[in-house]
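Participant: This is what each chain is made of:
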Amino acid sequence: MLKLLGAAAVVFSCTLIGMTVASGYSRRPMEIRALLNALQMLETEVSYGATPLPEALALVAERCDPRIALLFNRASEELLTLRGITARESWETALKEFYPKSALNRSDRTILLELGNSLGVSDREDQLKHLALTREQLKLEQAKAEDDSQRNTKVYNYLGFLGGLTLVLIFI
Amino acid sequence: MSILRPMQVLDAEQTMLDEVLTLLPPSLRDILSNLPVAIKNSVEEIRVRQGRPLMLGLAQRDGYVSHQGAILDSEVGAYQVSATDIERVTQLVSRSSLYALEEELRNGFITLPGGHRVGITGKVLTEQGRVKNIKYISSFNFRISRAVLGAADRVLPYLIAPDGRFFHTVLVSPPRCGKTTLLRDLVRRLSSGVPELGFPGATVGVVDERSEIAGCYRGVPQREVGPRTDVLDACPKAAGMMMLLRSMGPTVIATDEIGRQEDIAALEEVINAGIKVLTTIHGSSLEELADRPALQYLFQIKAFQRFVILGRSRGVGTVEDIIDGQTLRSLGVKLC
Chain A
0 MLKLLGAAAV VFSCTLIGMT VASGYSRRPM EIRALLNALQ MLETEVSYGA TPLPEALALV
60 AERCDPRIAL LFNRASEELL TLRGITARES WETALKEFYP KSALNRSDRT ILLELGNSLG
120 VSDREDQLKH LALTREQLKL EQAKAEDDSQ RNTKVYNYLG FLGGLTLVLI FI
Chain B
0 MSILRPMQVL DAEQTMLDEV LTLLPPSLRD ILSNLPVAIK NSVEEIRVRQ GRPLMLGLAQ
60 RDGYVSHQGA ILDSEVGAYQ VSATDIERVT QLVSRSSLYA LEEELRNGFI TLPGGHRVGI
120 TGKVLTEQGR VKNIKYISSF NFRISRAVLG AADRVLPYLI APDGRFFHTV LVSPPRCGKT
180 TLLRDLVRRL SSGVPELGFP GATVGVVDER SEIAGCYRGV PQREVGPRTD VLDACPKAAG
240 MMMLLRSMGP TVIATDEIGR QEDIAALEEV INAGIKVLTT IHGSSLEELA DRPALQYLFQ
300 IKAFQRFVIL GRSRGVGTVE DIIDGQTLRS LGVKLC
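Heads up: the protein sequence lines correspond to chains A and B, in order.
For the first sequence, counting from 1, position 145 maps to 144 in numbering that gives the first Met the number 0; every step adds exactly one.
For the second sequence, counting from 1, position 282 maps to 281 in numbering that gives the first Met the number 0; every step adds exactly one.
Hints in this document: simulated from the structure, not taken from any laboratory.
Here a beta-carbon is modelled for each residue, glycine too, at the ideal position from N, C-alpha and C.
Check each hint, because a few of them may be wrong.
[Unchecked claim] In silico SDA-like links for lysine to any residue, alpha-carbon gap of 25 Å or less:
no.	chain 1	residue 1	chain 2	residue 2
1	B	122	A	46
2	B	122	A	129
3	A	128	B	129
4	B	134	B	67
5	B	131	A	64
6	A	100	A	64
7	A	128	B	136
8	B	301	B	267
9	B	131	A	117
10	B	134	A	84
[Said to hold, decoys possible] Residues from chain B that keep clear of chain A, each with C-beta distances beyond 12 Å, as calculated:
no.	residue
11	25
12	98
13	102
14	152
15	291
Working from the sequences, and respecting the hints, build out all of it.
Facilitator: What follows is the structure, given as structure tokens:
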């Protein structure tokens, strides 16, 4: 009886580990999609509203997917502190905080960092070009992320469960 | 926003420069906050030019600024403005939103919270012969706007008739002689009323094309302009005067730097509507003004009742003379 309970516990916890790893893979495409939407909103604020960047970022943070709101929120807060920092620096600070909590990978981060270099420093047309470029690059990453997610989500879910079973068999 | 503090009375001087300092990058801010207090109080301009020394425009002269925040007479040892400084200043004065300031860049200046102005030069982009934008910004001129409350006290008695009516008044002055400062204070006094001269408070409409009079930031006056004052910010003068005339029922319309033909036409209409006019003109004497084709007509019909001539002979804002518009004779005023 006790053996059976232990076996069940091992299978259960291995399955959970597998699912956690898998969820990392399925979260990334969702977050990228949310980022794409948010950047689209930013584009609208810049092109039609001509909203100043600190407010535009705050507006985007309010309306976008809560999972990525932190990035825009922090960037906006940093800009409003008036410590004499540039948009690039505040974007970098925000990204540094956001990245470890997100499911994004390094190439996603690089794309976002590059966007920081151009934020707010040029006229409207130029800003729109940079935002569009970032969205194009993120779309490519999104396709890859979805591929990865489809492949790996199932793999890790099964791997967790089956790994648990294997352990049980070995121990018994 | 935190920098939007209401105008303070008279400890103003210190805060005025500090307001601007918050918009400078730390490298420049540290230097300028080390300036001696006496200098801080007389700074009129901060000149930031890429690859050249940091300079200040003071009341009577200008000077280079050293790394320690001392005023130097020669370029040796002066702080050199770097490309990074310029980049940071650009971001800070635009609040990282150059794209939102295309209209301002076309005019060559940005108004800051507090009503200070930053003049900007660089490479100009044109489209079909019209200025489209400024790229590669390389020079800034921060003009510190000071509210001198009380600037109008000495001239007001000459501008209000014994029966308590305000005369149509023009302030005539070369640049940087305190024209806008006097105009702003006159607006404030007319708006709140001058009981000692029997003048009740009047509704004043201000057309502030260059955002200098009221120093509006997002439409809200940052300068003390009085309780009965409505401001049309960044509005072309001629159109603005008509708008005020129709919509706000002003008793006095105030505007800055009249000169173009359409301004004159609008002014005439305002005067015909029985509304008092308070305006300024670039120039140093009446004779000079009378030669300008656009103004000749107004002189002919003797539209203005008072001319206040400003100069710098005894410091900024010296009232050189006040002239009666009908007789073109001096009212015998030599004030200091």
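Participant: Take a quick look at whether residue 134 (chain B) and residue 84 (chain A) sit within 25 Å of each other, Cα to Cα.
Facilitator: Status holds; Cα separation ~21 Å.
Participant: Under the criterion that the straight-line Cα-Cα distance not exceed 25 Å, is the pair residue 122 (chain B), residue 129 (chain A) satisfied?
Facilitator: holds, 22 Å
Participant: Is it true that the CA of residue 128 (chain A) sits at most 25 Å from the CA of residue 129 (chain B)?
Facilitator: holds, 23 Å
Participant: Is residue 152 (chain B) truly not at the interface, in the sense that its beta carbon sits beyond 12 Å from all beta carbons of chain A?
Facilitator: Correct as stated: the minimum Cβ-Cβ distance to chain A is 36 Å, above 12 Å.
Participant: A cut-off of 12 Å on Cβ-Cβ distance, and residue 291 (chain B) was said to be off the interface with chain A. Does that hold?
Facilitator: Since the minimum Cβ distance to chain A is about 37 Å, residue 291 (chain B) lies beyond 12 Å and the statement holds.
Participant: Can the restraint linking residue 131 (chain B) and residue 64 (chain A) be considered satisfied, given a maximum Cα separation of 25 Å?
Facilitator: violated, 37 Å
Participant: Starting from residue 100 (chain A), check that the Cα of residue 64 (chain A) is at most 25 Å away, please.
Facilitator: Answer holds: residue 100 (chain A) to residue 64 (chain A) is near 15 Å, not above 25 Å.
Participant: For residue 25 (chain B), which was marked as not at the interface, is the minimum beta-carbon distance to chain A over 12 Å?
Facilitator: Residue 25 (chain B) not clear of chain A: closest Cβ-Cβ about 5 Å, inside 12 Å.
Participant: Are residue 122 (chain B) and residue 46 (chain A) close enough, with their CA atoms no more than 25 Å apart?
Facilitator: holds, 23 Å
Participant: With d taken as the least Cβ-Cβ distance between residue 98 (chain B) and chain A, does d exceed 12 Å?
Facilitator: violated, 4 Å
Participant: Examine each Cβ of chain A, and state whether all of them lie more than 12 Å from the Cβ of residue 102 (chain B).
Facilitator: violated, 9 Å
Participant: Given the proposed pairing of residue 128 (chain A) with residue 136 (chain B), does the C-alpha separation stay at or below 25 Å?
Facilitator: Since the Cα atoms of residue 128 (chain A) and residue 136 (chain B) sit roughly 21 Å apart, the hinted pair holds (cutoff 25 Å).
The structure fails to meet hints 4, 5, 11, 12, 13 from the earlier list, while all remaining hints are met.
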